[in-house]
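Here the protein sequences come in this chain order: A and B. For the first sequence, numbering that gives the first Met the number 0 gives the first residue as 0, with consecutive numbering after it. For the second sequence, numbering that gives the first Met the number 0 gives the first residue as 0, with consecutive numbering after it.
I should point out that these hints are in silico values taken from the structure, not numbers from a laboratory. Please read all numbers here as calculations on a predicted model, not as lab measurements. It cannot be assumed that every hint is accurate.
Once the Cα atoms are required to be at most 20 Å apart in a straight line, the calculated DMTMM-like pairs of lysine to aspartate or glutamate come out as [as the list claims (entries may be wrong)]:
#	chain 1	residue 1	chain 2	residue 2
1	A	269	A	199
2	A	247	A	224
3	A	245	A	256
4	A	36	A	99
5	A	542	A	506
6	A	36	B	39
7	A	269	A	224
8	B	67	B	56
9	A	79	B	56
10	A	79	B	97
11	A	440	A	320
12	A	96	B	39
13	A	96	B	56
14	A	36	B	13
15	A	340	A	431
16	B	67	B	39
17	B	94	B	13
18	A	96	A	23
19	A	222	A	137
20	A	96	B	97
21	A	79	A	397
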Amino acid sequence: MYVYNDFDEAFVRERVAQFRDQVERRVSGALTEDEFKPLRLMNGLYLQLHAYMLRVAVPYGTLNPVQMRQLAYLAETYDKGYGHFTTRQNIQYNWPKLADVPDMLEALADVGMHAIQTSGNTIRNVTADHFAGAAADEIEDPRPVAELLRQWSTDHPEFQFLPRKFKIAVTGSPTDRAVTKAHDIGLRMVRDASGAPGFEVIVGGGLGRTPMVGKVLRAFLPKADLLPYCDAIVSVYNLLGRRDNKYKARIKITVHENGIDTIRSLVEAKFAELRPAFSGFDQQLLTQIEGHFAPPAFRSAPTDSYEAARLANPAFRSWSDTNLSAHKAEGYAIVSISIKKHGATPGDATADQMRVMADLAERFGHGELRISHEQNVILPHVHKSDLAAVYAALREADLATANIGLVSDIIACPGMDYCALATARSIPVAQEIATRFEELKLEHEVGPLKIKISGCINACGHHHVGHIGILGLDRAGVENYQITLGGDGSEDATIGERAGPGFSADEIVPAIERLVLGYLDLRTAPDETFLQTYRRLGMEPFKALLYPTSAAEEKANAA
Amino acid sequence: MSRHFTPKVITANDLMLGDAIWLTEDDRWTRDIAQAELIEDEAHATIRLLLAQARPEIAVGPYLADAKPGAAGPQPIHFREAFRTRGPSNYAHGKQVEV
Chain A
0 MYVYNDFDEA
10 FVRERVAQFR
20 DQVERRVSGA
30 LTEDEFKPLR
40 LMNGLYLQLH
50 AYMLRVAVPY
60 GTLNPVQMRQ
70 LAYLAETYDK
80 GYGHFTTRQN
90 IQYNWPKLAD
100 VPDMLEALAD
110 VGMHAIQTSG
120 NTIRNVTADH
130 FAGAAADEIE
140 DPRPVAELLR
150 QWSTDHPEFQ
160 FLPRKFKIAV
170 TGSPTDRAVT
180 KAHDIGLRMV
190 RDASGAPGFE
200 VIVGGGLGRT
210 PMVGKVLRAF
220 LPKADLLPYC
230 DAIVSVYNLL
240 GRRDNKYKAR
250 IKITVHENGI
260 DTIRSLVEAK
270 FAELRPAFSG
280 FDQQLLTQIE
290 GHFAPPAFRS
300 APTDSYEAAR
310 LANPAFRSWS
320 DTNLSAHKAE
330 GYAIVSISIK
340 KHGATPGDAT
350 ADQMRVMADL
360 AERFGHGELR
370 ISHEQNVILP
380 HVHKSDLAAV
390 YAALREADLA
400 TANIGLVSDI
410 IACPGMDYCA
420 LATARSIPVA
430 QEIATRFEEL
440 KLEHEVGPLK
450 IKISGCINAC
460 GHHHVGHIGI
470 LGLDRAGVEN
480 YQITLGGDGS
490 EDATIGERAG
500 PGFSADEIVP
510 AIERLVLGYL
520 DLRTAPDETF
530 LQTYRRLGME
540 PFKALLYPTS
550 AAEEKANAA
Chain B
0 MSRHFTPKVI
10 TANDLMLGDA
20 IWLTEDDRWT
30 RDIAQAELIE
40 DEAHATIRLL
50 LAQARPEIAV
60 GPYLADAKPG
70 AAGPQPIHFR
80 EAFRTRGPSN
90 YAHGKQVEV
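Pulled out of the complex, with its shape left as it was, chain A reads as follows (with noise of 0.2 Å):
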């Protein structure tokens, strides 16, 4: 993976002593809050309801073991023993003291880490695929050109005060984990007549308060044309993005308002000339990344034993049949490993935790971890004849939870607990409906249902792309859950249709025992998804479900 060389090293440092002369004269008096503010968001310093928040970002996701383990030290140094991550393959720290943080940015740049660019009008944390360099079905490797994207949206000295934030995904497979269409930019890796890889561009994605599917605006764009055909992009938003209105700044609504057709020819026109300025140090550059993504030496072994295991314990059968994917290394298998015990909090993983998983990236993993936008932790290198000794320490660690993609891996955003933003609280919601789905030991039959919650209408929660999204509100003093049905965030991406009427955080579990129960009644067949029975039977039948008295009475006066 991608070594910082000097010229990283020294602007990461260059920006701790710089911060730590700001967090100085903020306390010294010499800076007020309002200077001082936006200093510290730059560097992905928050205030939130009952302490500091520090975002660092975990590039693409991609983390290697020193890097794990450095992020364990910060969680029981400077914060209480743990870390969460988050649907934008984050990590977040929710109790650092303002006078520690300079030491804590000190700690990540000692192992390429930084929390630059984590909040701010900017180009955030480049996402990818967290399956990137594994995948059975990828194109390549995404994460060179994410980390290409890295270097130059890292104080681009044009596109640090944009309009708004501003997202990038990048996916080199065809099935898209990294919800690309909900971007600002989605980078989706094809390939053109004569089978050169090159990026589906997509733009103007985006969920929060108006939640819109990207549009294509260019089918085919050659590799080589990537920096500068994003750099046309983002200087037409940078002109073009409302700046009067907070709510209109986003790309989505400069690309609803004025067209996907105009924004095109603007974004053609730019890039017409940009274009002749990259005389090709971006591809020279772009080589010698690729030179730290090379594949790992994978080995060929055989995999009786892990057969073998599979028929002695049925634990690890359950385990390995619910948290593999395929790999597309003969032997191997992706190992994705559940932050989402049942009744614990999403994402969140104690220091002990993280190290487990960084010893297990070391012995088995090939050195390679990934944060997913769906909080958990993945090991994408792992021979089958390791298997049954991963899990075992998984196991020891608690984290063997056997859930991916079930009922109980539930994305969910901090919420009321810690955002200041939050209207509601999210994490006891997801934690409440992951241990009645345990207690009614069905997840396994009802099979692929993606639930996501969002504390608020900004959507970190992802909840329009979620099968079932929920979203918390403020409804005259009181949490008030709204749920949507039939989102989905993967290629097919569709914004969830609102159900109906919110329901009370005490009625808002039922609610969905009931959806899920209803589904297992209206499936043709085990193998029809909740999704595609949803998608089948369109609204009616699942609003009759969560509202059963309003449907009782419609029946009623009908007769």
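Use these hints to put chain B onto chain A, whose structure you have.
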């Protein structure tokens, strides 16, 4: 008679720790809302907020929050403000164990 005024407390986040603090009648900042000054007059609230804003070395982002009198002192009205007096609901962290 002026329009009805819901009593208020002045609250902010502590600069160094980031946690919730409330302004007392004798111009101190407390971590216990029960010790806060319950302000029942709108004009007085404005004056007190100005004072709070003039002390940026301790308090970040002071604002007026609705409150009501309780047996031990002021109590929050909105659930957001109630959470600020306690801490998160997923762990025994924050004021629920520290104050």
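Hints, one by one, checked against the model:
1. A:269 x A:199: 18 Å, holds
2. A:247 x A:224: 29 Å, violated
3. A:245 x A:256: Within the cut-off at roughly 15 Å; holds.
4. A:36 x A:99: Between residue 36 of chain A and residue 99 of chain A the Cα gap is close to 17 Å, so the pair holds against 20 Å.
5. A:542 x A:506: 15 Å, holds
6. A:36 x B:39: 32 Å, violated
7. A:269 x A:224: Judged against 20 Å, a Cα distance of about 13 Å means the pair holds.
8. B:67 x B:56: With a Cα-Cα distance of about 28 Å, the restraint between residue 67 of chain B and residue 56 of chain B is violated, given a limit of 20 Å.
9. A:79 x B:56: 26 Å, violated
10. A:79 x B:97: 13 Å, holds
11. A:440 x A:320: 16 Å, holds
12. A:96 x B:39: Not satisfied, since the Cα-Cα distance of roughly 34 Å exceeds 20 Å.
13. A:96 x B:56: Given pair residue 96 of chain A, residue 56 of chain B holds - Cα atoms ~15 Å apart, limit 20 Å.
14. A:36 x B:13: It holds: about 14 Å lies between the C-alpha atoms, which stays within 20 Å.
15. A:340 x A:431: 12 Å, holds
16. B:67 x B:39: 10 Å, holds
17. B:94 x B:13: 13 Å, holds
18. A:96 x A:23: 13 Å, holds
19. A:222 x A:137: With a Cα-Cα distance of about 16 Å, the restraint between residue 222 of chain A and residue 137 of chain A holds, given a limit of 20 Å.
20. A:96 x B:97: 15 Å, holds
21. A:79 x A:397: 18 Å, holds
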